[in-house]
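Spelled out, the chains give:
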Amino acid sequence: GAGVSQSPRYKVAKRGQDVALRCDPISGHVSLFWYQQALGQGPEFLTYFQNEAQLDKSGLPSDRFFAERPEGSVSTLKIQRTQQEDSAVYLCASSFQGGSYNEQFFGPGTRLTVL
Amino acid sequence: GNSVTQMEGPVTLSEEAFLTINCTYTATGYPSLFWYVQYPGEGLQLLLKATKADDKGSNKGFEATYRKETTSFHLEKGSVQVSDSAVYFCALSPSGGSNYKLTFGKGTLLTVNP
Numbered sequence: 001g002a003g004v005s006q007s008p009r010y011k012v013a014k015r016g017q018d019v020a021l022r023c024d025p026i027s028g029h030v031s032l033f034w035y036q037q038a039l040g041q042g043p044e045f046l047t048y049f050q051n052e053a054q055l056d057k058s059g060l061p062s063d064r065f066f067a068e069r070p071e072g073s074v075s076t077l078k079i080q081r082t083q084q085e086d087s088a089v090y091l092c093a094s095s096f097q098g099g100s101y102n103e104q105f106f107g108p109g110t111r112l113t114v115l
Numbered sequence: 001g002n003s004v005t006q007m008e009g010p011v012t013l014s015e016e017a018f019l020t021i022n023c024t025y026t027a028t029g030y031p032s033l034f035w036y037v038q039y040p041g042e043g044l045q046l047l048l049k050a051t052k053a054d055d056k057g058s059n060k061g062f063e064a065t066y067r068k069e070t071t072s073f074h075l076e077k078g079s080v081q082v083s084d085s086a087v088y089f090c091a092l093s094p095s096g097g098s099n100y101k102l103t104f105g106k107g108t109l110l111t112v113n114p
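Taken in order, these protein sequences are the chains called A and B.
Numbering follows our numbering, with no gaps: position 100 of the first sequence is 100.
Numbering follows our numbering, with no gaps: position 93 of the second sequence is 93.
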C-alpha cells in the first residue's frame, strides 16, 4: 500500500517568505508527527497530532511555525517569515494508533532551503 | 533530558566485513530503543527495536541488544552487503506519557564497497 507522502520534495524560499509543507499519512493512521532534520543531525521532534487534535507542540522552535490537521488526515506545516536557520529537511511520520508507542512510518521529507 | 550518542561516521567497509555501530543513550526510566535506516532517496525505516533490558532486536541479519548496565544499543551485522549502504540512526522512545516522542542520534553513514 501507499506510504507516507510529502510535497513538495524540495522547496527554495527567500528569507521572509511563508511556506507550507504538506503531509499525506498512511490511510487510517490516527497519529501524525512532524520532525525537523538539520544537515548532519538526527531528526528532532516538532509536533504530534492524534486525529485532528494537536496534543503536543513542544518542539516547534518559534511562533512562526504552525501545524494543522483539520480533518484528521492530511497535515500542513506552515512556516511564516522564513529565516535561514529554518533550512532543514522536514519529516512527517504517521502511526496506526494513538496513545502508547506504535511504529512510526516516515515520509521521504521536504528539503527546505531558505536563501 | 533524553539524548542518544552514536558513532561518528562515515564508515566504509568491504562486502562481507563485520559491522558495529556504537550507540549509547541517556534517559530516565526504561526507554524503548530503535535502529532506523535511511536508504538514499527514501524515508526512515524501522530496522529493529528492543523494549526492555536484555532484549535483542534483529532484522535482515542486523542485531542489537539493549544493555541497561552500559546504557547501550550497539548495532551489529556479521557480513555486510553493498545493499546495506545507508544512513543508520539510533533512537529512543521514553517511558511514560510522551513515549511517542522519538529522540534520534546524529546518524552514521555506512558505505559498503564490492
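Take these hints with a grain of salt, some might be off.
[Said to hold, decoys possible] Distance condition first, Cα-Cα at most 20 Å in a straight line; then the derived DMTMM-like pairs of lysine to aspartate or glutamate: (1) A:Lys11 x B:Glu69; (2) B:Lys49 x B:Glu76; (3) B:Lys101 x A:Asp18; (4) B:Lys101 x A:Glu103; (5) B:Lys52 x A:Glu44; (6) B:Lys49 x A:Glu103; (7) B:Lys60 x A:Glu103; (8) B:Lys101 x A:Glu68; (9) B:Lys106 x A:Glu52; (10) B:Lys101 x A:Asp56; (11) B:Lys49 x A:Asp56; (12) B:Lys56 x A:Glu103; (13) B:Lys101 x A:Glu44; (14) A:Lys14 x A:Asp24; (15) B:Lys106 x A:Glu85.
If you're looking for bench data, these hints aren't it; they were derived computationally from the structure.
Do the hints match the structure? See the list:
no., hint, verdict
1, A:Lys11 x B:Glu69, "violated, 45 Å"
2, B:Lys49 x B:Glu76, "holds, 13 Å"
3, B:Lys101 x A:Asp18, "violated, 27 Å"
4, B:Lys101 x A:Glu103, "holds, 11 Å"
5, B:Lys52 x A:Glu44, "violated, 23 Å"
6, B:Lys49 x A:Glu103, "holds, 10 Å"
7, B:Lys60 x A:Glu103, "holds, 18 Å"
8, B:Lys101 x A:Glu68, "holds, 18 Å"
9, B:Lys106 x A:Glu52, "violated, 31 Å"
10, B:Lys101 x A:Asp56, "holds, 9 Å"
11, B:Lys49 x A:Asp56, "violated, 24 Å"
12, B:Lys56 x A:Glu103, "holds, 17 Å"
13, B:Lys101 x A:Glu44, "holds, 9 Å"
14, A:Lys14 x A:Asp24, "violated, 25 Å"
15, B:Lys106 x A:Glu85, "holds, 18 Å"
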